[in-house]
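Trainee: Sequence:
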Amino acid sequence: CLITQILTGLFLAMHYTPDTMTAFSSMSHICRDVNYGWIIRQLHSNGASIFFLCLYTHIGRNIYYGSYLYSETWNTGIMLLLITMATAFM
1246 CLITQILTGL FLAMHYTPDT MTAFSSMSHI CRDVNYGWII RQLHSNGASI
1296 FFLCLYTHIG RNIYYGSYLY SETWNTGIML LLITMATAFM
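Those letters in the sequence shown? Residues 1246 to 1335, per the working numbering, in order.
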């Protein structure tokens, strides 16, 4: 999941302009003019949801198997989850 996010993000970054005046037109350009740009955009947007679904599934599995009893490993995982969530909203 994460490799797909990185690759599609890099491809989108080649065509995206983060200016307030041209952001919409650059996304329109990606979806309409770039070959398979609409697929890359959808893969990137849906990939983020799938990535977090995998994270939540992993946490649920660890709760089921009692991995929270290993406090150092559990705390490291929770910190990585919080860092990932903070990064996703930037």
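Think of the hints as simulated: they come from the structure by calculation, not from any bench.
Any given hint might turn out to be false.
Ranges between beta-carbon positions, derived for each pair [what the hints assert, rightly or not]:
1. Ser1312 with Ala1333: 21 to 29 Å
2. Tyr1261 with Tyr1315: 37 to 45 Å
3. Trp1319 with His1274: 24 to 32 Å
4. Trp1319 with Phe1297: 14 to 22 Å
5. Gly1254 with Arg1277: 28 to 36 Å
6. Ile1248 with His1274: 22 to 30 Å
7. Leu1300 with Leu1255: 33 to 41 Å
Glycine residues also receive a C-beta, built at the ideal position from the N, C-alpha and C atoms.
Trainee: Now tell me if each hint is right for this structure.
Mentor: Here's how the hints hold up against the structure:
1. Ser1312 with Ala1333: 21 to 29 Å: holds, 23 Å
2. Tyr1261 with Tyr1315: 37 to 45 Å: holds, 42 Å
3. Trp1319 with His1274: 24 to 32 Å: violated, 45 Å
4. Trp1319 with Phe1297: 14 to 22 Å: holds, 19 Å
5. Gly1254 with Arg1277: 28 to 36 Å: Since the Cβ atoms of Gly1254 and Arg1277 sit about 20 Å apart, the hinted range of 28 to 36 Å is violated.
6. Ile1248 with His1274: 22 to 30 Å: holds, 25 Å
7. Leu1300 with Leu1255: 33 to 41 Å: Violated - the Cβ-Cβ distance for Leu1300 and Leu1255, about 21 Å, lies outside 33 to 41 Å.
Violated hints for the displayed structure, listed by number in ascending order: 3, 5 and 7.
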